[in-house]
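Chain by chain, the residues run as shown.
2 protein chains.
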Amino acid sequence: MAMSRPTNRRPENHKIDWHLPAISCSASAHNMSRELFVLTYGALVAQLCKDHEADEDVNKYLDQMGYNIGVRLVEDFLARSSIKKCRSYNETADIIAKIAFKMYLGITPSVICSKESGNEFSLVLDKNPLVDFVEDLPVGRSSLCYSNLLCGVIRGALEMINLPADVQFIQDRLKGGDVTEIGITFLRKTDDKKHRRNK
Amino acid sequence: MAMSRPTNRRPENHKIDWHLPAISCSASAHNMSRELFVLTYGALVAQLCKDHEADEDVNKYLDQMGYNIGVRLVEDFLARSSIKKCRSYNETADIIAKIAFKMYLGITPSVICSKESGNEFSLVLDKNPLVDFVEDLPVGRSSLCYSNLLCGVIRGALEMINLPADVQFIQDRLKGGDVTEIGITFLRKTDDKKHRRNK
Chain F
1 MAMSRPTNRR
11 PENHKIDWHL
21 PAISCSASAH
31 NMSRELFVLT
41 YGALVAQLCK
51 DHEADEDVNK
61 YLDQMGYNIG
71 VRLVEDFLAR
81 SSIKKCRSYN
91 ETADIIAKIA
101 FKMYLGITPS
111 VICSKESGNE
121 FSLVLDKNPL
131 VDFVEDLPVG
141 RSSLCYSNLL
151 CGVIRGALEM
161 INLPADVQFI
171 QDRLKGGDVT
181 EIGITFLRKT
191 DDKKHRRNK
Chain S
1 MAMSRPTNRR
11 PENHKIDWHL
21 PAISCSASAH
31 NMSRELFVLT
41 YGALVAQLCK
51 DHEADEDVNK
61 YLDQMGYNIG
71 VRLVEDFLAR
81 SSIKKCRSYN
91 ETADIIAKIA
101 FKMYLGITPS
111 VICSKESGNE
121 FSLVLDKNPL
131 VDFVEDLPVG
141 RSSLCYSNLL
151 CGVIRGALEM
161 INLPADVQFI
171 QDRLKGGDVT
181 EIGITFLRKT
191 DDKKHRRNK
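Chains F and S, in that order, are what the protein sequence lines are.
Taking full-length UniProt numbering, the leading residue of the first sequence gets 1, the next gets one more, and so forth.
Taking full-length UniProt numbering, the leading residue of the second sequence gets 1, the next gets one more, and so forth.
A hint or two may mislead.
Note that identical chains are pooled: a pair holds if it fits in a single copy or bridges any two copies.
Unchecked claim - Heads up, simulated DSBU-like pairs for lysine-lysine below, C-alpha to C-alpha not over 30 Å straight-line:
{"#": "1", "residue 1": "K50", "residue 2": "K189"}
{"#": "2", "residue 1": "K127", "residue 2": "K50"}
{"#": "3", "residue 1": "K102", "residue 2": "K127"}
{"#": "4", "residue 1": "K50", "residue 2": "K84"}
{"#": "5", "residue 1": "K175", "residue 2": "K84"}
{"#": "6", "residue 1": "K60", "residue 2": "K50"}
{"#": "7", "residue 1": "K50", "residue 2": "K85"}
{"#": "8", "residue 1": "K50", "residue 2": "K115"}
{"#": "9", "residue 1": "K98", "residue 2": "K50"}
{"#": "10", "residue 1": "K84", "residue 2": "K189"}
{"#": "11", "residue 1": "K85", "residue 2": "K175"}
These are calculated hints, taken from the structure and not from any lab test.
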């Protein structure tokens with residue numbers, strides 16, 4: 001399927017530098033309420049569960065689909081948020097939570113830096129809108145990461161700006177967790193020269 | 001998969017009467033920008049195309065998924081729009097275009113009453129956000145109704161408020177149409193007493 005970039009909001013040099021968040025989200029013209037999205041996402045997960053017996057396969061497909069979406073979405077994000085560079089992983093994690101999540105899902109997770117190494121973060125969602133209409137995981141699907149698309153989206157978007165990362169659910173309310181928590185581990189060490197040049 | 005109704009916005013008596021659109025959309029807390037939805041929808045269509053060879057089958061599944069979504073979404077819509085009753089098919093079509101499309105997709109199609117019978121309407125979309133990132137139909141998929149989920153959503157929502165209707169694409173820009181046009185044919189005649197009682 002030929003998918004095009006929206007030509008009217010192509011950012012310049014988005015792969016090179018992003019620095020100092022000049023937070024001016026021109027989002028209003030693009031807004032919708034998220035219930036249609038949440039229900040459509042439910043239909044996608046149900047379809048994948050129909051197609052694949054193993055939860056691990058469904059999780060993998062959701063992550064891969066998310067990755068492909070993130071690769072495209074990052075361009076839209078950089079164009080609309082006017083963000084140029086990030087100085088640190090800390091700032092990057094903050095921008096994901098406070099600008100990207102707000103823009104695309106209408107929520108703002110809190111950010112926790114989980115290790116002294118400074119490259120591991122958690123996004124903690126008090127409420128996960130993707131499961132608004134979901135009471136339980138489907139029967140026999142106890143290993144399903146229902147919202148795994150989100151991890152893929154974050155991973156794909158970060159990779160496009162030269163910040164490879166592992167992204168996965170650490171806690172999930174659907175699995176009895178107190179909150180929903182997404183872990184992001186940036187794979188380059190912060191003193192990596194190449195990373196410094198590109199981040 | 002157990003899907004729940006969001007308990008905090010359950011409308012009362014929504015199946016009985018809806019009359020006089022008191023248009024107060026309390027949508028802000030639910031807002032997101034639609035790019036993530038549009039790309040996720042693209043992933044869903046791609047998945048269905050992978051699963052089913054015949055375009056007609058993909059169209060049917062999209063319509064059916066949409067129907068299931070519409071059946072659930074109508075409750076959210078009635079609760080948030082505060083709409084109680086519609087006096088006529090004309091008013092119903094107007095509400096779909098001016099309130100529901102605005103709320104869930106951020107666009108407002110124009111409405112054309114296409115026949116004197118008063119039960120056939122067209123929603124004309126100058127711009128269809130669902131195809132924002134789509135340049136062409138996939139190769140060999142010339143009969144695909146890419147956005148067919150929308151027809152199902154409208155059909156499902158209308159059926160839940162006792163207004164059965166045929167809903168389908170009449171024109172589609174992806175198929176060379178000048179605009180994108182969704183046709184809605186209400187199946188009960190306007191002088192049908194049962195319909196009058198219930199609409």
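Give me the numbers of the hints this structure contradicts, sorted from smallest to largest. Hint check: 1, 4, 5, 7, 8, 9 and 11 fail, others pass.
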